[in-house]
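S.K.: Spelled out, the chains give:
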Amino acid sequence: MSQELIQAITEMREEDALKITQQMLDAGKDPLEVLEACRQAMEVIGKRFEAGDCFIPELILAGEMLRQVSDLIKPRLQKEATQKKHGKVVIGTVEGDIHDIAKDIVAFMLDVNGFEVTDLGVDVPPAKFVEATKETGAKVVALSGFLTLAYDPMKATVEALKAAGLNDVKVMIGGGQIDEQIRQFTGADGWGRDAMAAVKMANAWYGVN
Amino acid sequence: MSQEVQWNKLSPQEKYEARFKAWMDAEGVPFATPQARQAFQERAQMLKDVIELRKPKRIPVCPIVGFYPFAYAGITAKEAMYDYDKLGYALKKYHADFVPDSLSAAPIYGPGAIFELMDYKLYRWPGHGVPETTPYQCIEAEYMHADEYDEFLRDPSAFFMRKYFPRIMGALGAWEMLPPFTDVLELPFMGGFLVPWGIPPVQETLKKLLQAGQMAMEWIQKAVAIDMETLGTLGIPGLIGGFAKAPFDVLGDTLRGTRAIMLDMYRQPKKLLEALERITPMQIEMGVRSATGNKHLIVFIPLHKGADGFMSNKDFKTFYWPTLKALIIGLIEEGLVPYLFVEGGYNQRLDIFPDPDIPAGKSIWMFDQTDMKEVKKRFQGWACFGGNVPSSLLKAGTPKDVEEYVKRLIDEVGQDGGYILANGAVLDDAQAENLHALIQTGKEYGVYK
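Sequence lines, in order, name chains U and F.
The first sequence begins at 190 in my numbering and counts up one residue at a time.
The second sequence begins at 73 in my numbering and counts up one residue at a time.
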């Protein structure tokens, strides 16, 4: 049944995915088995996204399916699933910018790919990034921004992290108008076009194969 | 024969020529000097040449500018939206110092005080939810709910009035109590229709609207005067004469929101397609009306949710393109020139756009992060194109970098006419010397021999 669930999710059959989940639970399957199937399905979807075979609507629908599946299994979960996390990532849209769609997708993909994500939301001042990074001990910070006016706040955030002595923290930036020139301008360690680029960078920086 | 009947008898080509002539004649424009009129006519002619895929005297340079002029002139974004004298000062300084071939229109920055009065919730704007130096930004949400497609389809205007307005404007919350206008059928219905307008909270909305209307009149007079001065003294025309949106973006931007519309593609595709069809003639009508009112013929259509990565080509061909194409053709049939602002990357879509059903030499396409050599390959002989100079370069590069980039761009794609030099994404932040380099290089290097 796990295979069926994986297939339903990767084929974007929302109703089937929920039905199969319910059947698995009714049959007394371990909720963790359901979660594992979801994880495997997301791995497939992530690869397809990277290869240009699926797109944002599919990521959003997959996110919706996962949310509903986890609502179904929550009451039966003995304890919080203790999936081992690769590491922590602090993410947010930089100061002055309130765009959240892309940031949310990146946060979601980091989460399903095994990272513990602290999402600071939008219009996040540099000091708040510093504070959250210190608090969580995250070694990766992800800055999102849609406006060209996000360039300066990104630079300011990178500088604030350095000034706070967080020199071993890696910073990635992303957004519609971000490129290598802006990476250099801001002093960030990496930049990416989409959510899977963020996952790849986080994997590399945390030494995940 | 009435003027309207005569107009309707014209062919699309005749309408196009008539609109261009009216624009070129610039009746009522207070040109300060004969030189200003001549400069305007030369610029309008350059645009006509590129639209019709010819080589103009030189490449027109039309930067696509958002809030950049304000930082440049030393005022905040908030001041630009609240103090129309400062708005005028900044735009005047920007146009006089940079002298682009198209102007940045004053009305697009909007009247901040009116938004406050109406308790406009769809956006945050400088000093009102975002910093005073930051442009206005949309707050996406499901202002139209997933189960409201039928209501929308039945009567979009009634849906806007009774559901959408109360959600996006606090001041019109009471409008949910109003009946649709289409109730007014016979004498006995007339009295009943008027009753809700007497409910105290509804009366309050009307008082607010009276005030807002007066404020809007003051605002538009000042904003139009700013643009008229730019046109009248520098001869710089607006490139945007009217406005329309891709039907998918109408729903996806401010009604359903990105997340919801993408789920609709899977959960209720038929309803979504029906709504897109319903919206299309409304957008054509808006484009025709707005351009006609401005005695202009170029209709701006900013594309948002069709970019690379936003959906597969299959979905693009199902959900995004058919109604956008119908909008483009509908505008061209009315003698207008659709100006597609193709922000982001559209490399994935380049086999779809040059569509043989769309007449050649009747549209403008401004790209951002799309491969311009590929664009030229496909668009040459079909439509005028331009854009692409990156925001990142204008912010973090040097004037020399910009000059080299522009020269290379012109060498690679600007040699055969039908081409406009422009930046790629709406410009809010840049180094002045870089923008000067873009414009100067375009004007000097872009002369056709």
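None of these hints come from the bench; they were simulated from the model.
Note that the coordinates shown come from a computational prediction; the quantities given were computed from them, not determined experimentally.
Among the clues, some could well be false.
DMTMM-like cross-link-like pairs, simulated, lysine to aspartate or glutamate; straight-line CA separation at most 20 angstroms [as the list claims (entries may be wrong)]:
no., chain 1, residue 1, chain 2, residue 2
1, F, K377, U, D383
2, F, K343, U, D289
3, U, K344, F, D501
4, F, K193, U, E204
5, F, K342, U, D383
6, U, K236, F, D380
7, F, K386, U, E200
Covered by chain F, according to a simulated footprint, are these stretches of chain U (three or more residues, beta-carbon under 8 angstroms) [what the hints assert, rightly or not]:
no., region
8, 191-198
9, 227-235
10, 297-307
11, 331-345
12, 353-367
Glycine is no exception: its CB is placed at the ideal position from the N, C-alpha and C atoms.
S.K.: Could you run down the list of hints and mark each one as holding or not?
M.R.: Outcome of the hint check:
Taken as a hint, the K377/F and D383/U pair is honoured in the structure, with Cα atoms around 15 angstroms apart against an allowance of 20 angstroms. Taking the CA atoms of K343/F and D289/U, the gap is about 27 angstroms. The hint is violated against a cut of 20 angstroms. Taken as a hint, the K344/U and D501/F pair is honoured in the structure, with Cα atoms around 14 angstroms apart against an allowance of 20 angstroms. Using a Cα cut-off of 20 angstroms, the hinted pair K193/F and E204/U is violated, with the two alpha carbons roughly 34 angstroms apart.
The hinted pair formed by K342/F and D383/U fails the criterion: a straight-line CA distance of about 29 angstroms is larger than 20 angstroms. Of the supplied pair hints, the one linking K236/U and D380/F holds, its CA atoms being roughly 17 angstroms apart against a limit of 20 angstroms. As the CA atoms of K386/F and E200/U are separated by approximately 15 angstroms, the hinted pair is consistent with the 20 angstroms bound. Residues of the region 191-198 of chain U with a Cβ under 8 angstroms from some Cβ of chain F number 0, which does not satisfy the need for three, so the listed coverage is violated.
Given a C-beta distance limit of less than 8 angstroms, the hint that chain F covers the region 227-235 of chain U is violated, as 0 residues qualify and 3 are needed. Chain F is given as covering the region 297-307 of chain U, and this is violated because 0 residues of the stretch bring a CB closer than 8 angstroms to a CB of that chain, at least three being needed. Chain F is given as covering the region 331-345 of chain U, and this holds because 5 residues of the stretch bring a CB closer than 8 angstroms to a CB of that chain, at least three being needed. Check result for the region 353-367 of chain U against chain F: holds, 3 residues qualifying (beta carbon to beta carbon below 8 angstroms, three or more required).
Going down the numbered hints, you'll see the structure goes against 2, 4, 5, 8, 9, 10, while the others check out.
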